[in-house]
Each structure stands twice: as C-alpha cells, then as structure tokens.
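Residue numbers (our numbering), protein chains in the order written: chain A, 5 to 232; chain B, 12 to 430.
Do not rely on the hints blindly, as some may be mistaken.
[Stated by the list, open to error] Below, simulated DSSO-like cross-link-like pairs (lysine-lysine); rule was C-alpha separation at most 30 Å, straight line:
{"id": "1", "chain 1": "A", "residue 1": "Lys-77", "chain 2": "A", "residue 2": "Lys-64"}
{"id": "2", "chain 1": "A", "residue 1": "Lys-64", "chain 2": "B", "residue 2": "Lys-419"}
{"id": "3", "chain 1": "A", "residue 1": "Lys-229", "chain 2": "A", "residue 2": "Lys-64"}
{"id": "4", "chain 1": "B", "residue 1": "Lys-246", "chain 2": "B", "residue 2": "Lys-101"}
{"id": "5", "chain 1": "B", "residue 1": "Lys-20", "chain 2": "A", "residue 2": "Lys-127"}
{"id": "6", "chain 1": "A", "residue 1": "Lys-199", "chain 2": "A", "residue 2": "Lys-35"}
{"id": "7", "chain 1": "A", "residue 1": "Lys-35", "chain 2": "A", "residue 2": "Lys-15"}
{"id": "8", "chain 1": "B", "residue 1": "Lys-419", "chain 2": "B", "residue 2": "Lys-23"}
{"id": "9", "chain 1": "B", "residue 1": "Lys-173", "chain 2": "B", "residue 2": "Lys-246"}
{"id": "10", "chain 1": "B", "residue 1": "Lys-419", "chain 2": "A", "residue 2": "Lys-15"}
{"id": "11", "chain 1": "B", "residue 1": "Lys-419", "chain 2": "A", "residue 2": "Lys-61"}
{"id": "12", "chain 1": "A", "residue 1": "Lys-77", "chain 2": "B", "residue 2": "Lys-419"}
{"id": "13", "chain 1": "A", "residue 1": "Lys-68", "chain 2": "B", "residue 2": "Lys-419"}
{"id": "14", "chain 1": "A", "residue 1": "Lys-127", "chain 2": "A", "residue 2": "Lys-61"}
{"id": "15", "chain 1": "A", "residue 1": "Lys-127", "chain 2": "A", "residue 2": "Lys-15"}
{"id": "16", "chain 1": "B", "residue 1": "Lys-141", "chain 2": "B", "residue 2": "Lys-169"}
{"id": "17", "chain 1": "A", "residue 1": "Lys-61", "chain 2": "A", "residue 2": "Lys-229"}
{"id": "18", "chain 1": "B", "residue 1": "Lys-258", "chain 2": "B", "residue 2": "Lys-274"}
Everything labelled a hint here was simulated from the structure, so no lab data went into it.
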Amino acid sequence: MEHLIDIQGLKYRYQTAQQETLAISEFRVEKGESIFLYGPSGSGKTTLLEILAGILKPQKGVVKILGQDLSAKSETERDQFRGEHLGYIFQNFNLIPYLSVRENIELPIRLSARRRSRIDFGKLENIISDICDRLGILSVLDRRVTELSIGQQQRVAVARALVGQPDLILADEPTSSLDMDHREKFLNLLFDLCKQYGASLLFVSHDRSIQHMFSRTVFLSDINKITP
Amino acid sequence: MVFLNLALKSLKNRMYTSLLTVLAIALSVVLLLAVERARRAAEDGFTQTISQTDLIVGARTGPVELILYTVFNIGNASHNISYTTYQEIKKHPAVEWTIPYSLGDGHHGFRVVGTNLDFFNHYRFRGNSKIELAEGKVFSGLWDVVVGADVAKKLKYKIGDKIVVAHGVTRTEGVHKHDDKPFTIVGLMAATGTALDQSLYVSLEAIEGLHKEPQDEHHGEDDHDHNHHEESQIKIESVTAFFLRTKSRIETLQLQREINTYKDEPLLAIIPGVTLNELWRSLSYLENVLKVISWLVVGIGFMAMLIALTTSLNERRREMAILRAIGGSTQQILFLLIFESTLLTLSGVTLGILVSMAVITVMRPWLEVEFGFYLVGSAFSRSEMIYLAFILLAGVLVGFIPALRAQKISLKDGLSVNT
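So here's chain A without its partners, still in its complex pose (with noise of 0.2 Å):
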C-alpha cells in the first residue's frame, strides 16, 4: 500500500551547521491520519516541515509523499507538487497584509494552475463561501486580514491551507497564541474540516497539553537520531 509519507535513510544538515539537525532513518504516516509530532523548540520539527514541503532538500535519502520522491525532484518540481497537493498553516498565520481575506484564501489556486485543476474553478467562489462558513469567517472575507483578531486570522489560514482539496496539511504550532479553550476549539474545527476535504494532518508543537487530541503521537526524538 502507498503511504501518504514515506522516509527511509534521512539526513539534513544546515550548510553553515557543524552536525546535522535531522537523521530519521524512518517514518511513515498513513492517508487519513492526524498526528502530533512534538519536539522541544530548536528540536527540528520546522525543518522537518520544510523538508516535507520540499522547500528544503535533504541531503540524504528518499523522502516519499504519496509515492512520489520529492528528493528526486527539481526545485520546479517540488514548487509545483507542494502547490498541488500540500497545504502550509505558519505559527503566526503569515497572512500577506495588504491582500483581503479572499484574496489571501484565493492565493494558491491563482498561484498553482494544479492546484486550480483539482477544483471546479468556476465554483471557486461557492468552495470558499463553504469553507469560510464553516469557519466562521464568512462576514469578513471583503475585509483587510490586518483588522482582522488573532483568532479570525488563524481561520483565514486554515481557509487558505484547505481550499483546492490538498492531501496533507502542514501545520507548525499554530495555536501557540491561543487559550486553552481556544486552542481545542479551533483544534475540534481543523479535523473536522480536514475529515471533510479529505485531507491528512501533520501538526508539530511542543504543547503535549492538545495531543490527546490527536489520533497519533510522534516524538521527534523518537524518530530523529543524530549522532553526535
């Protein structure tokens, strides 16, 4: 059966860095999964990210997604795989600023022409109606994203992670800002979108108080053996 990631043999070492930050000899997450990847900061998690995004290229090993290789792959081709099949939610949201919520949200199908193509562009309007009701945010989508709160802009990024259907969403800490209450709020909302859009989530923090949540919890420190 395919995984949905696959690594075998892993290592990445920062080009000024004296030792590698990441050595994972395996790892594999199943399609339909939720996990938890917890690691102290500095631990790697954010270049584990990276590297899965295929912004970053390991210098060692198979880094598999959806069966296809992305280590194998030119810079083209990475850009292009993770605007089709990868969705990115930033610690701070890293919404563009002088774009509306709509036009932040419409970002990846505009920039990715795959992206484009899973959806029915001539219903684009109706998908994000969609998604922003079910966030929450549908009254503010002709808004600015700076007058939006905290709470509302990490909506706006989920929102623009999910639209065009991606298989996996990649989430790095983002309800680090948020209360408790918030936090599993927001968390109950993100499964439930992502059950509904059919996408995996692979959501690193180092906040153990929400992995409960999760259907699987990975520790970096596991997974990551870097010999000294």
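On the provided structure of chain A, position chain B as indicated by the hints.
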C-alpha cells in the same frame, strides 16, 4: 492577472518608497528629455538664425568671422565693400534680392546696423519667419531708428524716445558720442529669438551721415528737423556686407564662385547654412557634455530604484516565504519582482513624459519671450524614443538584481521567517 493584483497591492502597501522610486525615474526622464529637447532647440535655433539667404557677402576674411559679425553681432569687419561693387552684384541676373548691412556704431553696448527696407521685407529666420514690428513703423527718415526687442526691453525704450548713438559697441563713457545727432525711435521689433533682437536699425544714409562732421543747420539735440534734402546730400560710399538670395538654388554656387573671384576688390561669399553647421559642429563637445550629464541622472534614477527595491526586499522576506509555502514557485517570485520593477519604470517613464510635456507647454511662451529659446520640431524625436525604450529596458534589467537576490533569500530562509 494574479501578478498584476499582487504587484499593485504590494506596491501600494509600500506606497511611500514606490512613489519615491517612480518620482526618481520620472525626474531623470524629465531631465533627459529636457536636455535632449534643449539640445535640439539650440541646434535648430543656431542653424536657423538666418534662413532663405543663399549667400552672405563681405570683404575677404574668414567665413566664420563673416557669419559672426553679420548674423551673430560678434566682432567687427576689418574692411567694407564699396557701394559700387554692391550695386553691381545686386544687378547680376541671378540675384533675386539683397539686404545691405552696415555695422560700426554702438548704443549702450548694442550694435547699430544700417540697412534699408529690404531688410524688413526679405530677411527670414527659422524657416519662413520674418521680422515683425511689435509697435510703430519701419524707419523712413534719416533720424529714424527701429530697435530690437532686447534693446527696447533692457533700455526701456518706447516709441518717440530720443536716443544718441556712439562709435563702437563698448559701454564706456570715453567713447566719442554723436551727441549732436539724436535719433527718434519709430518702431519696436517683436522678439525673434535671434541676435536681431540685440541691434538697432537705421538707414544706410544715417550710418554714413554719422561719420560726417556736423553741418551748420544742426544745432545739437534739440533739433528735430528731419529734413529730407539732407538725406539726398549723403552719398553712401560703402556697406559692411550684404545678404543675397538667388533666383534659383542652382545658381548659388556659380554666383558664389563669381563673387569670390571678383576682379575689382577682394570679396568673400559664404553659404550661411554650411558655415553655421560647421560652427555648430565645432561646439559639439558642449552637446556631449549635456548628454553625459543627463545619462548620469538616468543612472542615478536607476540606482534609486535599485536601492528602494533591495531595501524593501528585507521587509518582504516573509512575504516571499509565504508565497513559496502556499505553492508559489521561485520563478513566480522572480517574475513578480521583475514585474514590479517594470511597473515602476513604466510609471516613472510615463510620468516623466507627461511632466515634460506639461512643462514644455507651460514654459514655451516664457522661454520664447525671455530667452529666445524656440522649441521647434516634433515633441518626440526618434532619438528620444530610442532613449525611452532604453530606459524601459534598463529598468527591467535593474529589476533582475533584487529579484535574483530575493530568490536566494527565499531559499535560505525557507519558511522560518517568523517575525
């Protein structure tokens, strides 16, 4: 479409620096166009100072000297031509008209020129422009004087004023003045933008008469008696030079040869257009200096754009990272940045063109009246079009520098720019 939207909104978000960049480019375009325009106007103004005159004839001297003291009021003739010779050449069958031109006297640093009515009838400059009178009429009596526009303006002369002329063109008091022979201003010439504006015009007889000793019937400057019998007594002996038009251009060269080999006295006939072009070419270093300066300004305009784009890159690292993370390729980011710099250059050039057109429209009458600076010819010459195209191209190329840097940055930073 997505790029236009992104680029426009991103630029709008950085309104202040974007505007400054556009302004810097616009200013350099304005300057380049202005210098180019001024250069062309100067060249045209120079070579068109006199037109339709086929030959200028004077005593034998250098061609440049001849054109300087006839057309530009610079320097003096060492010899005159006898009036008989002038009359003889005037009667030549190839000659259509002539304008006699006698120099010698000065008035507060301006030159007094003796001529006749042919001057007002035939003299042409800048194509087909003829001498117009702003006020009054042309001279008819011996003591009548018509003054050029600059003279009238500088010395605040009006019709009816009495003036006195002196020998030479210096302003010092020591020069012998013809205080006993007051002239009356009968006409004020309209500005021509040529050296014509800086002279006073009297009849040939007046110039000749000035050099004769006062007769008994003259009693100083209170004598307003412009009696005509006096005029007939004066016999014109010489003229300094004369302008000549042939009946057909083909005869010009033949006539020039004939005059240059005139048996009775040594003469020189020059074709003014040829000599003016030679003179202008000898001034071409000035033109090159202007060109170099304006290109330096354009270079600085692009430096400003480069600086503005590069500094804004730092603020925009996060933007780049986001675009990459949500599926934008490095090529798309490269394209976006080049698109932005192209947009900035295009707006700058457009603004520059509009401003220079507006400035020219507004300033044209003032330049013509105040400086005799005529912006002739089409608004945009071929060379200006080429310059503008070059600026656009350079703008796009300059955009590559920050764009390529951005690509490096976005790879190095990955998605980790979190601030």
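Consistency of the hints with the structure:
| no. | hint | in the structure |
| --- | --- | --- |
| 1 | A:Lys-77 - A:Lys-64 | 13 Å, holds |
| 2 | A:Lys-64 - B:Lys-419 | 22 Å, holds |
| 3 | A:Lys-229 - A:Lys-64 | 14 Å, holds |
| 4 | B:Lys-246 - B:Lys-101 | 18 Å, holds |
| 5 | B:Lys-20 - A:Lys-127 | 25 Å, holds |
| 6 | A:Lys-199 - A:Lys-35 | 11 Å, holds |
| 7 | A:Lys-35 - A:Lys-15 | 24 Å, holds |
| 8 | B:Lys-419 - B:Lys-23 | 25 Å, holds |
| 9 | B:Lys-173 - B:Lys-246 | 25 Å, holds |
| 10 | B:Lys-419 - A:Lys-15 | 22 Å, holds |
| 11 | B:Lys-419 - A:Lys-61 | 14 Å, holds |
| 12 | A:Lys-77 - B:Lys-419 | 19 Å, holds |
| 13 | A:Lys-68 - B:Lys-419 | 26 Å, holds |
| 14 | A:Lys-127 - A:Lys-61 | 36 Å, violated |
| 15 | A:Lys-127 - A:Lys-15 | 43 Å, violated |
| 16 | B:Lys-141 - B:Lys-169 | 22 Å, holds |
| 17 | A:Lys-61 - A:Lys-229 | 19 Å, holds |
| 18 | B:Lys-258 - B:Lys-274 | 23 Å, holds |
Consistency note: the structure conflicts with the earlier hints numbered 14, 15.
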